[in-house]
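Please put together the full structure from these sequences, using the hints given.
6 protein chains.
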Amino acid sequence: MNSGAVLVVEDESLILLDIEHSLREAGFEVIAVYKGDNAIATFDRNPDRVAALLTDIRIGEGPTGWDVARHMRTVNPSLPVIYMSGDGAEDWPSLGVPNSLMITKPFVMPQIITGLANLLNSQAGLAAPG
Amino acid sequence: MNSGAVLVVEDESLILLDIEHSLREAGFEVIAVYKGDNAIATFDRNPDRVAALLTDIRIGEGPTGWDVARHMRTVNPSLPVIYMSGDGAEDWPSLGVPNSLMITKPFVMPQIITGLANLLNSQAGLAAPG
Amino acid sequence: MNSGAVLVVEDESLILLDIEHSLREAGFEVIAVYKGDNAIATFDRNPDRVAALLTDIRIGEGPTGWDVARHMRTVNPSLPVIYMSGDGAEDWPSLGVPNSLMITKPFVMPQIITGLANLLNSQAGLAAPG
Amino acid sequence: MNSGAVLVVEDESLILLDIEHSLREAGFEVIAVYKGDNAIATFDRNPDRVAALLTDIRIGEGPTGWDVARHMRTVNPSLPVIYMSGDGAEDWPSLGVPNSLMITKPFVMPQIITGLANLLNSQAGLAAPG
Amino acid sequence: MNSGAVLVVEDESLILLDIEHSLREAGFEVIAVYKGDNAIATFDRNPDRVAALLTDIRIGEGPTGWDVARHMRTVNPSLPVIYMSGDGAEDWPSLGVPNSLMITKPFVMPQIITGLANLLNSQAGLAAPG
Amino acid sequence: MNSGAVLVVEDESLILLDIEHSLREAGFEVIAVYKGDNAIATFDRNPDRVAALLTDIRIGEGPTGWDVARHMRTVNPSLPVIYMSGDGAEDWPSLGVPNSLMITKPFVMPQIITGLANLLNSQAGLAAPG
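Residue numbers (full-length UniProt numbering), protein chains in the order written: chain A, 1 to 130; chain L, 1 to 130; chain R, 1 to 130; chain G, 1 to 130; chain E, 1 to 130; chain W, 1 to 130.
Just so you know, the hints here were simulated from the structure itself, not pulled from any lab data. Please note: incorrect hints may appear among the correct ones.
[Unchecked claim] In the EDC-like style, the derived pairs of lysine to aspartate or glutamate whose C-alpha atoms are separated by at most 20 Å in a straight line are: (1) L:K105 to G:D44; (2) E:K105 to A:D11; (3) R:K105 to R:E12.
[Claimed, not checked] Quick list of simulated restraints, FRET-style, between CB atoms: (4) A:D37 to W:D11: 54 to 60 Å; (5) R:R24 to W:D44: 28 to 34 Å; (6) L:D48 to R:V75: 37 to 43 Å; (7) L:P106 to W:G60: 45 to 51 Å; (8) W:L14 to E:D18: 29 to 35 Å; (9) R:P106 to E:E61: 46 to 52 Å; (10) L:E25 to E:L14: 29 to 35 Å; (11) R:R49 to A:L17: 45 to 51 Å; (12) W:D18 to L:D48: 55 to 61 Å; (13) W:E61 to G:R58: 32 to 38 Å; (14) W:R24 to G:S122: 33 to 39 Å.
Heads up, the beta-carbon is just placed ideally off N, CA and C, and yes, glycines get one too.
Pasting the structure below:
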């Protein structure tokens, strides 16, 4: 059975590899991309394949993390969304999507893993309301 | 527009009238019944008509509050459910349904009104996940 | 002491008056406007005056409820936000702001009053973290 | 049946009377006192009589709201506690008790009523865990 | 010190061994059984030994996961309960117990570990209400 | 970037080393101390260095865990606080600080890791309200 992958969007390659490694160790499947355009294209090719989005805010040229999340939520309204950022956090109250998590850098990996687990568990509650 | 009614099930008529009056004053529409059988029959006639269930546990002969709630949840999985009881509360952890509220008697009406409002508001969140 | 007003934005005047009356009865101060432009202008004149936003989504010409909320959150990141809508609810997961409430029409006033109270109470928690 | 009273502690008599009136209108039973000493003495005479505590922080001479709440929690660990304050809020993270609500002045009465209802409802959940 | 074990009930042995291994690696003690009857018998022999229940819904012949959880909750009302299921999730709103978690297959182990940790932590809150 | 350390206070050295090891494995930085005095001194030297407090209640002579947490919260009102205790748990409702976690011994490490992650994630929400 395929539980889908965490789509990780981060333009600093060392951080991206670090996160990818930790998530795989924890049992998640991971799709790692460097730019917002790639993230959106990957998602659009097969939205069912993406179980959650973990994205930086400033990801070089092109769409920001805010844009990427908003696009994906139009297709999958219950997609778990976690934003990671150092200085972008102050825009979360106006540019973030509902039921998303804003984790400020620097963070430790348990924050990401626990955040993803909680969002996935509450999404299941949405699938079977009660 | 019709937002549906709160179906109140309570076999002590003074308490039932009291609750019905307070809920109507607060702006809710109310269907008041004395027995579990009537509650189930009323609901089955038109499930869309029932926005929430507020039920005592021991309601004379026939189905208990536990039975009534379970029946309605098979038809409407996101139905807000509040149980009221003096001594039945200890069975809630095994006989209650998920995402329900157990309010022990004696209570004050703000507990019921706030409880209903919270459950209706989170149900809306279920309707539009995110 | 002035606790600020609830800024209510709704283009159907009967609904607007109804909400305004109920909120005043409950003890809230209310500023009622019909259009998104007026809402934004009123807010910009004195942001400190607005304790919470309660807005319909489709409010005639001009800014939508999504736009109004987003604008106000750039100035006041902890502003309580409640959206009301019949069919706009499906856009909340992508166009709503974090920590907002989406209440689908038809609703009963206790949902609005309890929703506002909860958001104001958790905002106080933000003011004094712990 | 007696559901107990809300013990309200506030040294400004106009505010105290206002709160007492609103709470009674909402259906709560109220014991109103001006000073921390009286609050503690009243509670100690019959702890079962007090369903919840609503207290200002600075209440003249004698025990503060922080002291009053802490005393009552040693006797009733699940007592709902709401603090009201203008400038005392910044001490809540170090001097408040767990599972308490800090409501900053100025506030509107629905905040108090909804806060009390929520705490009473979750206390019932503590009485019948599950 | 003995913090009790997670009682895991799953009729597919590969999945059961997988879960048992991951939980042990995370620091949990595990009792693994294949059938509802065994689960109930094991629990009844020494209820204090079981810190949490993690159960599939369809577990071959005999009691379902719904039955197993309900039985255990009559003895230990605050027992953390997590259900795992592919297609049984739609019955959770009517057949599940309050304060339980429904995790739909396929899932990743962090969902189970985080779910168990959260339920155990909130159970402690029940033990010392406040 | 430095995300700060978890300050762990525990007077039984085997337990302290065990916790320190598990937290480091999970990705946390750790400062381990045996006594309340050391904890307070370490914190006072550089409060920014401490991202969270994890403390036993009875820690030999000197300040208790209750005292340590209260002191740190006067300097950092949003500091995540987790208490660990066997028999001290019954005092948490009167001596604990708001938004703290009380974990009763014996516990498993996922409870601590998940508890810390949740508190750190909600603290971020406090940093960027919305």
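Hints versus structure:
Note on K105 of chain L and D44 of chain G: the hinted pairing is violated, with a Cα-Cα distance of about 24 Å set against a maximum of 20 Å. Among the hinted pairs, K105 of chain E with D11 of chain A is inconsistent with the structure: their alpha-carbon atoms are about 32 Å apart, more than 20 Å. Straight-line distance between C-alpha atoms of K105 of chain R and E12 of chain R comes to about 13 Å, which keeps the hinted pair within the 20 Å bound. The beta-carbon spacing between D37 of chain A and D11 of chain W, approximately 55 Å, falls within the hinted interval of 54 to 60 Å.
In this structure, R24 of chain R and D44 of chain W break the distance hint of 28 to 34 Å, their C-beta atoms being roughly 51 Å apart. A C-beta distance of roughly 41 Å is found between D48 of chain L and V75 of chain R, which places it inside the suggested range of 37 to 43 Å. Look at P106 of chain L against G60 of chain W: about 47 Å separates their beta carbons, and that is inside 45 to 51 Å. Range check, L14 of chain W to D18 of chain E: about 31 Å between beta-carbon atoms, so the 29 to 35 Å window is met.
Remark: the range hint 46 to 52 Å for P106 of chain R to E61 of chain E is upheld by a beta-carbon distance near 48 Å. Between E25 of chain L and L14 of chain E the C-beta distance comes to about 59 Å, which lies outside the given range of 29 to 35 Å. Taking 45 to 51 Å as the suggested C-beta distance range, the pair R49 of chain R and L17 of chain A conforms, at roughly 50 Å. Restraint check, D18 of chain W to D48 of chain L: a C-beta distance of roughly 57 Å satisfies the suggested window 55 to 61 Å.
At roughly 35 Å, the beta carbons of E61 of chain W and R58 of chain G sit within the given window of 32 to 38 Å. Against the hinted window of 33 to 39 Å, the Cβ-Cβ separation of R24 of chain W and S122 of chain G comes to about 36 Å, which satisfies the hint.
Comparing the model with each numbered hint stated earlier shows that hints 1, 2, 5, 10 do not hold.
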